[in-house]
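Protein chains in written order, with our numbering: chain R, 250 to 335; chain Y, 340 to 747.
I should point out that these hints are in silico values taken from the structure, not numbers from a laboratory.
Every residue gets a Cβ at the ideal spot worked out from N, C-alpha and C, and that includes glycine.
Hints may be right or wrong, so weigh each one.
Heads up, incomplete: computed chain Y residues facing chain R, CB under 10 Å, no partners named [stated by the list, open to error]:
(1) N401
(2) R402
(3) Q403
(4) L407
(5) G424
(6) R466
(7) V467
(8) H468
(9) P469
(10) F470
(11) P473
Cut-off 30 Å, straight-line C-alpha distance, at most; resulting in silico cross-link-like pairs (BS3-like, lysine-lysine) [said to hold, decoys possible]:
(12) R:K330 / Y:K464
(13) Y:K642 / Y:K618
(14) Y:K579 / Y:K621
(15) Y:K618 / Y:K606
(16) Y:K464 / Y:K538
(17) R:K253 / Y:K464
(18) Y:K538 / Y:K392
(19) Y:K538 / Y:K642
(20) Y:K464 / R:K328
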Amino acid sequence: MSIKDQVIAIIADQAMLDPSDIALDNTLEDIGIDSLGLVESIFAIEETFDINVPFNANDPTAGDFDISSIAAIIAAVEKLKLEQAT
Amino acid sequence: MNRVVITGAGTINPLGADVSATFAAMREGRCGIGPLEIEDVDRLSIQIGGQVKDYDETTQFNRQQIALYDRFTQFTLLAAREAIGQSGLTFSGDLADQSGVVLGTSGGGLNTQDENYRAVYEAGKNRVHPFIVPKLMNNAAASHVSMEWNLRGPSFTVATACASSNHAMGQAFNMVRCGMAKVMVTGGSEAMLCFGGIKAWEGLRVMSRDACRPFSATRNGMVQGEGAGVFVFEDYAYAKARGAEILCEVAGFAMSSDASDIVMPSKQGAARAIAGALKDGKIAKEEVGYINAHGTGTAANDKTECAAVADVFGAHADQLMISSTKSMHGHLIGGTGAVELLACIMALRDGVIAPTIGYEEPDPECALDVVPNVARDANVDVTLSNAFAFGGLNAVIALRKHARPAGH
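Chain Y on its own, in the form it takes in the complex (with noise of 0.2 Å):
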């Protein structure tokens, strides 16, 4: 088996057009999420979102390119060049053919879909633009990483709600620890951050029209969010051959469905998950020094999310830190884990730990160390990522300090 590494990461999201940005916000535990600007926002009960401003996509791409790039795509796009640029991968010949992207996202071109129901039933139009349909669809943003980077292997698309980008990561992951692929360009995306995606949200009563507040007794609801996290995940032995700078080692994943209920999580299921990350990377539990939680600031994720990992952890779940950046960047749904991976990264090469900000009031139920209000700084050698998705699917990825070598 393989050893698997990250050798580029990019991103945009609300914190930030870059990774520098963003964790230059995670740090400074700055808070993404205000009023939405979206047409239509007053016929909305919940007017708070984590959107990415000041954002003009013909400064990003042509009009061509606008017209077959949803904002998803256009966000995978813009991370995927950031990553990829600073892995310093070209790829041609074999190494194309031994490349593929794997990216997860949950409403694809969901802008696209909106905008044009609103033109044909709204407007009345009977004439929609040709590109719909390769707009919206939802491998549209791996297929246009494809054919940018000249990526020709395995490349597809994961669709499990909340939990997307951590499924691709780890089909990713198990991918070039197989052998199967070589480098995989991988996390994901999400822009549903329109007046239909916001308003389908709402129908289910669980969004707070304030703030995020997750493991606060005071939580009341999840925000949502968008943007885009991609990294480039590499075959250790070629990684070290070529000289690239090593981010950090993708020590272990597992993944497990709760098999129980459509929206309730369940303790057993992510507890599964976490043990099976830990396992799946010979991982004891006490290197664990944080974990990015799910944290979605809902009252039935919060308590079951903490219960889960005291469950896995025993006593260690006491000394190690977990908290959730859903409270700055809002719940990205398919591409939440992919920014989220960030702050375990930021974790193990800077020695932050990202705060829970929004954090008043203790919550008995969530009685662990969620890094309140500020960040920490630590000396963490392995982070965990947790998602847990509508639909009971969970996947729990596990990253490792990569000891760079001496004199380096």
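Okay, chain R solo, but in the shape it has when bound (with noise of 0.2 Å):
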């Protein structure tokens, strides 16, 4: 499975939603993720990539970690993945 696959599946999981109900342009928001879903996202990618993701629930917009939408919580999490890998 893709980075993508495997983020959509994770966000999905935590909304309650098919992963097919998912569009890259939705905010959690939009997708009924509040502020404890989204921790409990970013554990789960975590887990499943294992990374560190620089996220601190203070200040959700701060950092380098986009989570503006489900495309930029991808490509961050590609990002995460790459400077990992080199």
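Two chains, each in its own frame: build the complex with the hints.
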């Protein structure tokens, strides 16, 4: 499974939706993921990809990890995986 | 001062998943203590407990809830659902603002702590689930009850070890009595039957390896249990006006501190709490027909408790009945007073006194009528429930039969 599909699966699971119901331009708010759901999603992403996500719940928009849309989250995870590989 | 009545009761404990199943087990003198089914039980020297068996959290709660509900919170919510359901109350508007929840627990989310310490120390994981803190905190159960039923008034958690539930219910009683709240959801919960929870208790060398036999000369210690009891304490005038079924009246409450030893009980401290509850409820000694004892099954507690009862009641001590239902459900620590209050309610409402099972041989230092092994029919008007905690903190609650109006 690609990083994209895995991230979508994690987020869909958290939102209790089918992965096919998640659109790349959705925001987390669009699909009903609240602040607790977000930290759970980040936990699942860290566990799945064995990475550390730079995310501070005090200021979710700060830092390099862009959570503004599903596509942004996928891109951020891909970037972290790439950095891990090099 | 307002009179306070109980209009709902709920429980899940080793004897049953609701109040009627628990009453049935207490009537039959059934034992809910058995071999522990927990991880690493083979490394424990104590391998028995009063476990809630045949329990599947996934049939009660969804995944999101389970991520936030430790076992002690789950037990609380199930007991609260039964109690509030029985009361027939729904909380909105002014009633919601005037109603709260005060619960007792000692270990809080101890299973959550145990599992996650295991993950980081034993399994070497460097990451834990994000909700560990809100899941393990001692007030999690009270908060989730307040959220689930919209209880927006005074709400908090009391932790006084083995007396936590009685202290919590005493607070609830006084809050309704003085008008601070109209309805209080109260009681307590405990779930510390995990490797770390039992291992810590083993250290004290007060645990029995085979059974809890309170007051018996052959007793050899306490047995831990788990579960919850929750009650709806309500302003009598309000309950009467809405035509609620009243289970009984909360008549009196007192607490005291031994101020002497961190683990050894004191006869004087216990006696002051018992006498205090009678005085608080303007109860004559002769009115008390049944006492649900703290009765842990340790050498020290049982003889001290019997001596305290003898001191307070004098000649009447030989007339009243005193039993320890811990012999059946084990010691639920912070939840124990709440489950044991059920035995008091059963005595008042059904005229059945729950027995002390496992009783083998009289102990001259516990020479009271401990209702050995078999339940007894008796008509009692007032009952007491004792709780005497480690740390010397004592809390005794008195219930009185509620006379049902003629024609009902």
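Right, here's what the structure says about each hint:
Hint status for N401 (chain Y) relative to chain R: holds, with the closest Cβ pair at about 9 Å, below 10 Å. Annotation: interface hint on R402 (chain Y) holds; nearest CB of chain R at approximately 8 Å, less than 10 Å. For Q403 (chain Y), the interface hint holds, the least distance from its beta-carbon to any beta-carbon of chain R being 8 Å, beneath 10 Å. For the restraint placing L407 (chain Y) at the interface with chain R, the shortest Cβ-Cβ distance is roughly 8 Å, inside the 10 Å limit, so the hint holds.
Because the closest C-beta pair between G424 (chain Y) and chain R is about 27 Å apart, greater than 10 Å, the hint is violated. The interface hint given for R466 (chain Y) holds, since its Cβ lies 6 Å from the closest Cβ of chain R, which is under the 10 Å cut-off. Using the Cβ-Cβ criterion of 10 Å, the hint placing V467 (chain Y) at the interface with chain R is satisfied: the shortest such distance is roughly 8 Å. The closest approach between the C-beta of H468 (chain Y) and any C-beta of chain R is roughly 6 Å, which is under the 10 Å cut-off, so the hint is satisfied.
Interface hint status for P469 (chain Y): upheld, as the beta-carbon distance to the closest one in chain R is roughly 4 Å, under 10 Å. Against a cut-off of 10 Å between C-beta atoms, the interface hint on F470 (chain Y) holds, since the closest Cβ of chain R lies about 7 Å away. With 10 Å as the threshold, the beta carbon of P473 (chain Y) comes within range of chain R, its nearest partner Cβ sitting at about 9 Å, so the hint holds. Between K330 (chain R) and K464 (chain Y) the CA atoms are separated by roughly 20 Å; this keeps the pair inside 30 Å, and the hint holds.
Under the criterion of a C-alpha separation no larger than 30 Å, the hint pairing K642 (chain Y) with K618 (chain Y) is consistent with the structure, at around 24 Å. For the given pair, K579 (chain Y) sits about 22 Å from K621 (chain Y) by alpha-carbon distance, which is consistent with the 30 Å threshold. A C-alpha spacing of about 18 Å is found between K618 (chain Y) and K606 (chain Y), which places the hinted pair at or below 30 Å, so the restraint holds. Restraint check for K464 (chain Y) and K538 (chain Y): the C-alpha separation of about 22 Å stays at or below 30 Å, so the hint holds.
The straight-line distance between the Cα atoms of K253 (chain R) and K464 (chain Y) is roughly 26 Å, inside the 30 Å bound, and the hint therefore holds. Between K538 (chain Y) and K392 (chain Y) the CA atoms are separated by roughly 21 Å; this keeps the pair inside 30 Å, and the hint holds. For the given pair, K538 (chain Y) sits about 26 Å from K642 (chain Y) by alpha-carbon distance, which is consistent with the 30 Å threshold. Between K464 (chain Y) and K328 (chain R) the CA atoms are separated by roughly 24 Å; this keeps the pair inside 30 Å, and the hint holds.
In summary, the one numbered hint that this structure violates is 5.
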